[in-house]
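Protein chains in written order, with our numbering: chain A, 1 to 292; chain B, 1 to 292; chain C, 1 to 292; chain D, 1 to 292.
Worth flagging that the hints you see were computed from the coordinates, not collected in a lab.
Among the hints, a few may not be true.
In this list, chains with the same sequence are indistinguishable; a pair is considered to hold if it fits within one copy or across any two.
Claimed, not checked - 20 angstroms max Cα-Cα, derived PhoX-like pairs, lysine-lysine: (1) K229 <-> K39; (2) K228 <-> K65; (3) K97 <-> K42; (4) K193 <-> K150; (5) K150 <-> K229; (6) K180 <-> K108; (7) K39 <-> K180; (8) K97 <-> K250; (9) K42 <-> K112; (10) K283 <-> K180; (11) K283 <-> K108; (12) K180 <-> K97; (13) K250 <-> K228; (14) K180 <-> K65.
Each chain is listed here by its residues.
4 protein chains.
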Amino acid sequence: MNFAVIGGDMRQVNLSSYLAEDGHHVRVFALDRVDTGDKIKKSETIAAAMENADCVILPLPALAKENILNTPLSRGIHTLDEVMSAAREDQVICAGKIDGTVKAAFAKKGIKIIDYLDREEFAVANAVATAEGAIQILMEELPITIHGAKCLVIGFGRIGKALTARLAGLGANVSASARKCSDIAWIKAYGYKAEETQRLRGKLSGYDAVINTAPAYILSGELLGELKKDCLCLDLASKPGGVDFSEASKLGLKTIWALSLPGEVAPASSGRAMADTIYNIIKEQGCENEKR
Amino acid sequence: MNFAVIGGDMRQVNLSSYLAEDGHHVRVFALDRVDTGDKIKKSETIAAAMENADCVILPLPALAKENILNTPLSRGIHTLDEVMSAAREDQVICAGKIDGTVKAAFAKKGIKIIDYLDREEFAVANAVATAEGAIQILMEELPITIHGAKCLVIGFGRIGKALTARLAGLGANVSASARKCSDIAWIKAYGYKAEETQRLRGKLSGYDAVINTAPAYILSGELLGELKKDCLCLDLASKPGGVDFSEASKLGLKTIWALSLPGEVAPASSGRAMADTIYNIIKEQGCENEKR
Amino acid sequence: MNFAVIGGDMRQVNLSSYLAEDGHHVRVFALDRVDTGDKIKKSETIAAAMENADCVILPLPALAKENILNTPLSRGIHTLDEVMSAAREDQVICAGKIDGTVKAAFAKKGIKIIDYLDREEFAVANAVATAEGAIQILMEELPITIHGAKCLVIGFGRIGKALTARLAGLGANVSASARKCSDIAWIKAYGYKAEETQRLRGKLSGYDAVINTAPAYILSGELLGELKKDCLCLDLASKPGGVDFSEASKLGLKTIWALSLPGEVAPASSGRAMADTIYNIIKEQGCENEKR
Amino acid sequence: MNFAVIGGDMRQVNLSSYLAEDGHHVRVFALDRVDTGDKIKKSETIAAAMENADCVILPLPALAKENILNTPLSRGIHTLDEVMSAAREDQVICAGKIDGTVKAAFAKKGIKIIDYLDREEFAVANAVATAEGAIQILMEELPITIHGAKCLVIGFGRIGKALTARLAGLGANVSASARKCSDIAWIKAYGYKAEETQRLRGKLSGYDAVINTAPAYILSGELLGELKKDCLCLDLASKPGGVDFSEASKLGLKTIWALSLPGEVAPASSGRAMADTIYNIIKEQGCENEKR
């Protein structure tokens, strides 16, 4: 098959290598700052890269801002409009974290665009890499070992599950909080101490590290005030974040807001997961086409 | 009780804090570059620090070179002779990694000196911190997640045991090698793939990381030549080390020789372990004295 | 509060004890074959047991057959009609595994009946107990240790998740199969070998034990034919079961169909989980009433 | 190679099968109550079985009482003297749990006899099987799940290590006790709660199960008196055992003294471990002979 990989970071570079290793033809664009090796062809324009492509892969997130592609490894600035002009109905366009407006614009032109971040298999691989990144930060920042450290993980979604399992594997004393009865049941079933996220007040004084994975504003000044002075506060929630950072700063708490960890700590594993997810997308698209 | 802490790194600083928190009187010397807080008194001379001490604690390692104390947090240079002059028979002197010559010199003066690195409880805590430090390095250096990474741990002593357990807890694909039948039996009992250290030839091509914990020269140029180009080679063995570094460099292999990890990655936990070990030493010395 | 516990097995006996220990008044009926202790009052009729009750608890499953309550610990036969006649609108009726017909019948009389088996917290506790029961059976039946045994768990729902984690904890070589891409992603994230349930053909010859947790007919004669002669085949799926038992018997395979394990292997833990779940139900009913 | 297997239980039967599967010639004696299959020859006398053997394997334990071989699967009674008469200097005799007297008697005749129970690789495999057997008993006897059960393991030798790891893997709340500082350090390093075996007084009231693995009399009447009425007391120590059974009985405590679990719960795995251990013994004997 023929692939076009447009923009992105080291994950896309690794993705391109894996696609080539698996025997596919790969053209890339907007990765001009890195050496992508002999097997991968660098195209001069988006149109040239996409010309023969069966599948076009855009970055994660696809856009840096409206219409501007996310291309940190390119010296130039490139637009989604260029991609849309070159796209054809017989191609599968894969992109990360796109909103309804973008989907609608492509749909109007009769072009399939699929968000690979919506795929569970990619989200799980991302959660694993995020959990490892969080542990790396804890190791780097805490003067104590994870072994024996009292850690609270807020939220028991994918990242919460992956993170608690790994903390426990390293010998931490793990608590996890969730809002829903059913998540609390699972927290207990895995053997962690369970708390209700909506009732954390009065329960935070003993922790060496508190890690927020919930996409919500949770650690208010009042809750932060309960923490030990040397407790590390790590926020993995995307913007606007789950911690009152200005209040934390006033209290002298060490706070870290870590976003996009997978691309930073494990670009190769993330690239591999992206490749596998895109193969699954193509297989399913193929099945759908046959049904028609 | 009265303690004197002479020299050392952040572990000794933390040790001093824990001793003070536990209600003891602590005088320190040769920690002049750091603020040790209100509860701890900084003495002007070794003799002053030791004057009222029931127990004197020297660094780990005690000596930077012959007769020179290891005092990285002091602006001055200080000698073991000064300690010996000030020491009394009714004091317990604790020091890390001292050789027979030093022991003999103190014994001749009728003074008890005890190596806390010889204590299993300290060695185990050290092994845990070393294992965490090794994992931190793997996370920082590898572009892949530990999850799913193929790792070989050479040696199944304390560090080997602590490291394999943690790698497995993070989802790595763990192999371990040992020389003795009995260690190989335990490697299998823990569920890892077992190899014989003396028969690694022809078996190294698949690993993403090889970590040497054995105090022996093992990774010769020939064995290194089998490794994948992007395999990380981490040596935790003390000098002279277990890896042919010059050969590794010729082969373009990424090699890291990490020594003294506990003090770097977990000075607080190490200080705590030191405090607990010293309490045990004092308790046992007390028992011995009563018997006499 | 006042509770009435009607019928059931040792789980209901334990449930009654826990309710009484927690300070509630408990009346039981149809548990006449067992001694329920001093604190629990045995009533003469269903109506008497229910008269002052705020909450009435029926067995799991509630019915042995149409209209006949499931009362293995009673010498008599008792009907759901008796319960319905005695029930009042201000009571909460809790029952296990009831169908739409029963719910409709109670609703028509304006009486709330709630199926506690639908609650995630109870289902998770049940899954844990079922997983332990399955492991007990494997230990009893297999001449090999779980450690090192090659096990396939079919299905990655609650029981599949609880069982794989425990098998891995005992050192088994664990594979799990699922139909959905997303479940397969989680199987890999937990570090087990993943298979697709719809593509097991040709992959079954190496297993020492195959455990079906999926509520579907999966192990056809053809698949069973691939198994080793001494492979144990354990089916945890409720009727009609997931294994072609007659074909298994012809092939001389050891097959076990284990249903209702929680009540058998852990009646006390199951009773405790029932009590906690019923407290949650009552709390939520209270919230709903307040809202009105 | 030619093997003679004399007496023993299902482990020896399995051992014989594994030896035959591995391509060796096997003659057995005193296994007349079981069908050992086509590949294995049953001999009429000990002398006939041993005639061509390079290696002779006696049971574990070798003797039922003085001079009488342990042959539970035979209708006859057979003596060690018969073995000694038939033994030759060029044979390796392997036996389980033999004392100095037996060893001396063989040595006097110039015949090598080796106790395979002394081998670490066999002892570890035995510990794993014993730990699984202990867990099976806990599952069978306790009305609660292992998950969440508060368990104390006394002793942190091989069985203690194997058992705590498995209990933790099943989600139990694990404490372990040891006498030595160094063992206590490891107990903490593995993340369990640590107790000193010599200071258990006043600390036993919360446990759901207490398992003794130490070869010493520990659970006196006084300690037993602290246990909850429904606490299960499991003794894995060989005779005379570590529990005051008559006192336990007076207190109404459920006590189980489980010996020889590996042969009962995992005869096939034990037979395999025996075969592997005997291969190691032969290999090492061969090395020694070459050196001469």
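So, against the hints stated earlier in the document, which numbers end up violated here?
The structure conflicts with hints 2, 3, 6, 7, 8, 9, 11, 12, 14, although it agrees with all the remaining ones.
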